[in-house]
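Engineer: Listed below are the residues making up each chain.
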Amino acid sequence: MFVNIIRSTGSRNIAAIVGSFLATVALTISITLLWPFGNLAEQVLAGGTFFFIFWASVFYWAILAQDGLKAWIRILILLVPALTIDIISLAT
Amino acid sequence: MKQHTHKRLYDTHSWVGIISGILLFIVTFSGIPALFEHEVGYWQYPAFGEIPTDRSFDLEHTIATANDIGFQYDKLTIQLPDDINNHIMLSHFSDESEFYTLYLKTGSYEEVKSSPSALGQILTHLHTDLYLPRPFGRYLVGLAGMAMLLAIIAGIFIHVKWRKEFVMLRPKRSWRLLLTDQHKLLGLWSLPFTLILAFTGTILGLLGIISPILALAAFDGDVQKATDTILGPSAEITGEPAPIYSLNELWVKARSDLSDKEIKLIEIEGAGDKGGLIKFSAHHQKHLSNIETVTYSTATGETIHEGSFIGKGPFHRIFAAVTPLHYVLFGSVWLKICYALAALGACGLIVTGNMLWLERRGHGMEHLLSKLTLGICGGLVVATCALFPVSQLLYVFKLGEEHHHFEEWILWSTWGITLFMPFLWKNGFQLSHWMLRISAALLLSTLLVDGLVNGRWLWLTSGWNFYIQAGLIFFAMLLVYLDIKMPDEKKEKFATRAAAIQVEVAD
Chain A
1 MFVNIIRSTG SRNIAAIVGS FLATVALTIS ITLLWPFGNL AEQVLAGGTF
51 FFIFWASVFY WAILAQDGLK AWIRILILLV PALTIDIISL AT
Chain B
1001 MKQHTHKRLY DTHSWVGIIS GILLFIVTFS GIPALFEHEV GYWQYPAFGE
1051 IPTDRSFDLE HTIATANDIG FQYDKLTIQL PDDINNHIML SHFSDESEFY
1101 TLYLKTGSYE EVKSSPSALG QILTHLHTDL YLPRPFGRYL VGLAGMAMLL
1151 AIIAGIFIHV KWRKEFVMLR PKRSWRLLLT DQHKLLGLWS LPFTLILAFT
1201 GTILGLLGII SPILALAAFD GDVQKATDTI LGPSAEITGE PAPIYSLNEL
1251 WVKARSDLSD KEIKLIEIEG AGDKGGLIKF SAHHQKHLSN IETVTYSTAT
1301 GETIHEGSFI GKGPFHRIFA AVTPLHYVLF GSVWLKICYA LAALGACGLI
1351 VTGNMLWLER RGHGMEHLLS KLTLGICGGL VVATCALFPV SQLLYVFKLG
1401 EEHHHFEEWI LWSTWGITLF MPFLWKNGFQ LSHWMLRISA ALLLSTLLVD
1451 GLVNGRWLWL TSGWNFYIQA GLIFFAMLLV YLDIKMPDEK KEKFATRAAA
1501 IQVEVAD
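Protein chains in written order, with our numbering: chain A, 1 to 92; chain B, 1001 to 1507.
These are computed hints drawn from the structure, not numbers from a lab.
This one's a predicted model, so the numbers in the text were calculated from it and none came from an experiment.
Glycine is no exception: its CB is placed at the ideal position from the N, C-alpha and C atoms.
Any given hint might turn out to be false.
So the derived label-pair ranges between C-beta atoms look like this [stated by the list, open to error]: (1) B:Arg1163 <-> A:Ile17: 31 to 39 Å; (2) B:Leu1341 <-> A:Ile17: 31 to 39 Å; (3) A:Thr92 <-> B:Asp1095: 35 to 43 Å; (4) B:Leu1478 <-> A:Ile17: 31 to 39 Å; (5) B:Arg1055 <-> A:Pro36: 43 to 51 Å.
This is chain A alone, in the form it adopts within the complex:
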């Protein structure tokens, strides 16, 4: 039952809308923290630009997955490493 819900089209759409936004936020923080070029303001503005590029790209990567489960896996592939980088970097 649970697997069916996760695999459903609705789940895939939620992954594309909600999941992509969450992954984008985590990725934006990572890129802002790690951006190697320019000063602090340039880092922030790089993050601001990439936010929209990430959002659109992750949205389509999730929506083009075969089913909901694969869409969520794609989201997690991005979200988990990005969150790890964010937590480690912000904690230190």
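Following the hints, put chain B in place on chain A, whose structure we already have.
Structural biologist: Just chain B, lined up with the frame of chain A:
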């Protein structure tokens, strides 16, 4: 591209368009007058049309005159006269979001009564905030921009035969094919502009959402600190009085520090306090940037912050270009006209997209989406067109402050009435024809009202007044053209079997 990928992109394009289409139409259509806000502002109030011979500017004289008139605020903004706005405009935003303005004649520094009309501002507010409380309206507009961006991206990938589609219009075939061709034609021809408008609009709309995210990464979540670092600091009022440094000297210094740039705005906060600041903002004349700033202390005259977005890296350049690209703060008026035409194309794109979606599913006028598309989108066109003559006609009644309230009332009541029309009038084609005719008649009546009330007959006007009137005529003619070209009823795939065979043979 694999067939299932193409289908998925096609479905996403359709659903994103259907969900956000009507909202996008409101934002896009109201964006056209918003693009010409200053020009419309100049036209809407005849008193703004007086062109002073002396265009010199004295900062201290400006502030002293404002103080004498009673326009005395701790924080105020001065907008300098330019090609469109002839007067010096002082403004103050109160903490309660009240907006106060004072206009002074350039050269003579006499007070010019503020415009009782708010035509341009009403339509701009609809474009930027949808008349919703801040910041929610702005976010909704940003999300609509994001939806537009997503629909454009999918649209680019699904239309693989774009060379053919660039010129393909089959008006004699079925209604559905006509809609398909129009949708693709409008999408392809307006693509560069819609892409720029969607991307920059999304950034402008959602900046409030991404700022805390960016501040969390680089400034421990302190949004104010991030803003100050990028755009320059705000005044910190200490309560300790200090003499004001010569503002005219700072004006001369700013013009030297911001050489190659055109100073547009001066912000003064806390003058007379030890922590008071004055910030000069300029547009770069060679690059796309409207946020070139220099900030001085009003107490000591020392430079506190110099903010230039040029020569600092690619992402500074991208952000500096966002507002100039969205509001066309560069190039000539012809570029603005191209943007306006592209926005009109995008409006057509949205409407044909909705109609196509309904047509492919076999829905007619009875479908709710059909009624809402006609009521909301068509209603906005009628309401906007009604606002122009009414705005001028209201001058006859000398309503003062009530003038702009009546304008708002006209916009909302006209829109409200037309919104319900599709629920009462069953024939959508007939109703569309009437909406187009009424809108065109309202626009043309504006010229008559403008002539009768203000003596601004088309053959007597010049400059921006003439351009606005010419623009109204052009838009009215476009609506008349659409009225003529739009069928009276849905054409079936082929009118007769003979016609079907004829088309097949021709193909």
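Engineer: Quick one: are B:Leu1478 and A:Ile17 within 31 to 39 Å, going by C-beta?
Structural biologist: holds (37 Å)
Engineer: Is the hinted range of 31 to 39 Å satisfied by the C-beta distance from B:Arg1163 to A:Ile17?
Structural biologist: Cβ of B:Arg1163 to Cβ of A:Ile17: about 34 Å, so the range 31 to 39 Å holds.
Engineer: For the range 35 to 43 Å, tell me whether the beta carbons of A:Thr92 and B:Asp1095 fit it or not.
Structural biologist: Holds, since A:Thr92 and B:Asp1095 (Cβ atoms, about 39 Å apart) stay within the stated range.
Engineer: Does the hinted range 43 to 51 Å hold for B:Arg1055 and A:Pro36 at CB?
Structural biologist: Since the Cβ atoms of B:Arg1055 and A:Pro36 sit about 48 Å apart, the hinted range of 43 to 51 Å holds.
Engineer: The hint says 31 to 39 Å between B:Leu1341 and A:Ile17; measuring C-beta to C-beta, is that right?
Structural biologist: With a Cβ separation near 33 Å, B:Leu1341 and A:Ile17 satisfy 31 to 39 Å, so the hint holds.
When held up to the earlier numbered hints, the structure conflicts with none and fits them all.
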